[in-house]
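One letter stands for each residue in the lines below.
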Amino acid sequence: MSGGTYLGMPAFPKAASESTQNLTLRGNLRHATHTIRDKRAKAVAELDDWAGLRAAGAAIKNRTLRHLDHYLEQVEAAVTAAGGQVHWAADAAEANRIVTGLVRATGETEVVKVKSMATQEIGLNDALAEAGITACETDLAELIVQLGDDLPSHILVPAIHRNRSEIRDIFREKMADWGRPAPDGLTDTPRELAEAARLHLREKFLRAKVAISGANFMVAETGTLVVVESEGNGRMCLTLPETLISVVGIEKVVPTWQDLEVFLQLLPRSSTAERMNPYTSMWTGTTDGDGPRTFHLVLLDNGRTDTLADTVGRQALRCIRCSACLNVCPVYERAGGHAYGSAYPGPIGAILTPQLRGTDSELDASLPYASTLCGACYEVCPVAIDIPEVLVHLRERVVEGGEVTRNGRKVTIRPAKGHAAERAAMRAARWTLDHPGALRRLQRLASRTRRLHPRRLPGPGRAWTDTRTVPEVPAESFRDWWQRTRGGEGSGK
Amino acid sequence: MRVALFVTCVNDTLFPRTGRAVVTLLERLGVEVDFPPAQTCCGQPQFNTGYRHETEPLVRRYAAAFDDYEYVVTPSGSCAAMVRDNYPRIGAKAAAEGRGQELTEAAASAVPKTYELTEFLVDVLQVTDVGAYYPHTVTYHPTCHGLRMLGLGDRPRRLLEHVKGLELRELPGAEECCGFGGTFAVKNAAVSAAMGADKARSIDSTGAEAVCTVDNSCQMHIGGTLARLGSPVRPVHIAEILAGTEEDTR
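Chains as they are written, first to last, in this note's numbering: chain F, 1 to 493; chain P, 1 to 250.
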C-alpha cells in the first residue's frame, strides 16, 4: 500500500480477495472490530431511550438537509460576524486550491492537521505537498498511517489494520524523517508508544503557525464548529496556531445547540462506546487574546448536493461518521478498509463513495456490491440510514443506468460496463420464472441429468465450487411431488 | 383454516423435502394446505442484484397466484422479507416513474398475507409446541433477513425449545452473516468464502449434529462449506425438524 491517493485502485472484489488472504490483517481487524462492537452494544443498552434518540437524530438531519441552503447561509453569516472568513468549494480541486492558497499566504511551509475525513476525501495532503507544504497529521492513528506511508482503513481508527509491534517498527524507522525521532529501545507497550507519539507531536504543536481541521458539526445559529475526539491532540491543533483552516462538508450543519445535544449523545456511544468523548472543542470565529487570530471555514460540496437530489440515496448524508457500521460489517472485517478505495470504507463508504464520486470507474461501480445485505449496519446506525436499501438502489444505477444529478444537472447515465452477460442471465431467469411450465421443464431436465452434474462448475459458478460443495439436484421437484401425490387438488392459478 | 404454501424457487428445485415437511407439519396442526402452481419466485435474486424492472412481472405473478388466499406461508425468512419489505418499494418506485398504481396494489395485496413459517406458527396459530420429536443436538443460526428485516426474534428458538429430544447448543457469533448474500457469493467469492468458513468453524465448534435455519439458501452455502471442510454437521431446515414426530421414528 503506497501513501497518497485512492485513485486507480482495483475493483472491490479483487482488492478484497487479496486482503482476505492476509491473515495478520484479518486477525487485527477481527480483534479490533469485535472489541468495539461489544463495547458499543453495552454503551447503547445503558440508555432506555436509544430508539427515540436515533429517530430524533435522523429527523433533525432530514429536516436540516431539506433546508440546507438556508442553514448554510446562516452559518456563513454567523461565522463572518464572529470574525471568520467563509469559502465555498464546489469540488475537491477547488477546496485544495483554496486551502493551498490560504497556507501560502501565511508564508508557512509546515502545517499541523487534526484528523479530518473531508481532507482525506479531497486528498488535501497531496495537494499541499505539491505546493511544497508539509502537512503533519497529529491524531495518533493518522500519524501511524502517515509515518507508514499508508492510507487510513477505518473512519474512527485509521490504523485499525496495524497491530502494536507493527506500530513500534513504524515509529522506530520513520519518526526521525518527520521530526523528533522515536526514543531508543522503544517497545510495543501502549504506554511507551503513546509517549513516543506525545513527544514527537508536542514539538510540532509548539512550532506550528497554521493548523487544518475538519469538524464533526457546525451549529448554524451561532456559526460554531465542533470537534469531538479522544486524545486532546485535536484541541492543541485548534487552539495553538495563529491561523486555523477548517474544511467541512456542507452536510455537517445542525440548526441549533439543542439539536447538537442529540448528536453529542449518539456519536460517542456509537463510535467509541463512551458515554461522552473526552474532548469536545468548539470555536466560533476568532476571539481576541485566545486561540487562532485568523479563521477560515471552507465549505465543501464535492458531490453532496448531487447526492441530495437523489430521494433514496440522500439519507447517506445523515451520516455522522461514527463508524459503527464498519465495526459490525462482516464484509469489512474480512476485506479491510483499503479495499473500498476511499476515505470512507465499510458499509457507509459503499453507499457514500459511489454517490459522491459517481459510478464511472470500475471500483466505484463495484462498491454497491460489497455487501451481503445482512442489515447489521442499518441496525446499529445511530441516524437510521437504511444502508441495504441504498445499496440495492445504487446496484440498479450500476446495471440499468438511469437519471442522476451530476454537477447540478440531470443526466442520463448508461449501465456500467461488464454486466451484459449477467443482464441476459437475469432476463432469461425472469422469463423462465414468469412461465411456470418452462420452470417445470427445466427442473425435470435437471432432475433427469442429476447424475451427470459436474462437482466443479464452469464460469461464474466456479467461484462457488472452489470452496463449497454444490447441493445435489433431487430426483423430483416439490412441484412434481405435489402433482403426483395431490393430483387434482389445489390447481390454483 | 386454509393456507397457500409459497415453497420458493430454491426449495422447489433443490430442497423439496422442506416443502413436504411444511405440508406434513401444517396438516398435522389441522391446517389445510394448498399449492397454487402459478407461483414461482419472489424475485429477490433480480431485485437485490439491481434488476428491479425484471422483478416486476414476478411481483404481479406472486400477487395473482395467491389472490384467493388469506394466508401465504413460506419456509424462507429471506423470501418473506422480500415480499414484505421490497414489494411496497417496487410499487412506489413504479408509481413514481408514472406507471400507475398496479404494482402498489399488487404489493398491498401480497404484503399482509405473507408469513414466514415460524411467524405463522407462533403468531397466527399461536403454538410453540408443535408436537415434534427430533432426538439430536442442534445449533441454530438466525439468518439475516429473518432476523433483521422480518424481526423473527426468538420465535424459531421457542419452537425448537419445545421439540422433544432436541438439545439446543449455543452458536458463537450466531447473529453474524454466513456470507451467502445471493449473487454476493459469486461476485465477491473470496469474502463470501472467508465468511462461510468462519461460520462453518463456529458451527463445528458447537459439536452439534445439525445446524438449523429458516432459510435453505443460506443452508446451501453453509452446508456446502461444512461439507468441503469435512465437517460432519448437517444442515437442516427448521420445518424438517418440526415435521418429525415420535411415531415417525418407531
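Be aware that one or more of the hints could be misleading.
Heads up, simulated DSS-like pairs for lysine-lysine below, C-alpha to C-alpha not over 27 Å straight-line [what the hints assert, rightly or not]:
#, chain 1, residue 1, chain 2, residue 2
1, F, K410, F, K14
2, F, K417, P, K187
3, P, K187, P, K164
4, P, K93, F, K417
5, P, K187, F, K14
6, F, K14, F, K39
7, P, K93, F, K410
Some, not all, of what chain P presents toward chain F, calculated at C-beta under 8 Å [unchecked claim]:
#, residue
8, L14
9, A38
10, E105
11, S109
12, P112
13, P172
14, A174
15, F184
16, N188
17, A190
18, H221
Worth flagging that the hints you see were computed from the coordinates, not collected in a lab.
The model shown is predicted, which means the values in this text are computed figures rather than measured ones.
A virtual CB, placed ideally from N, CA and C, is assigned to each residue, including glycine.
(request) List in ascending order the numbers of the hints, as given earlier, that are violated by the structure. (result) 1, 3, 6, 10, 11, 12, 13, 14
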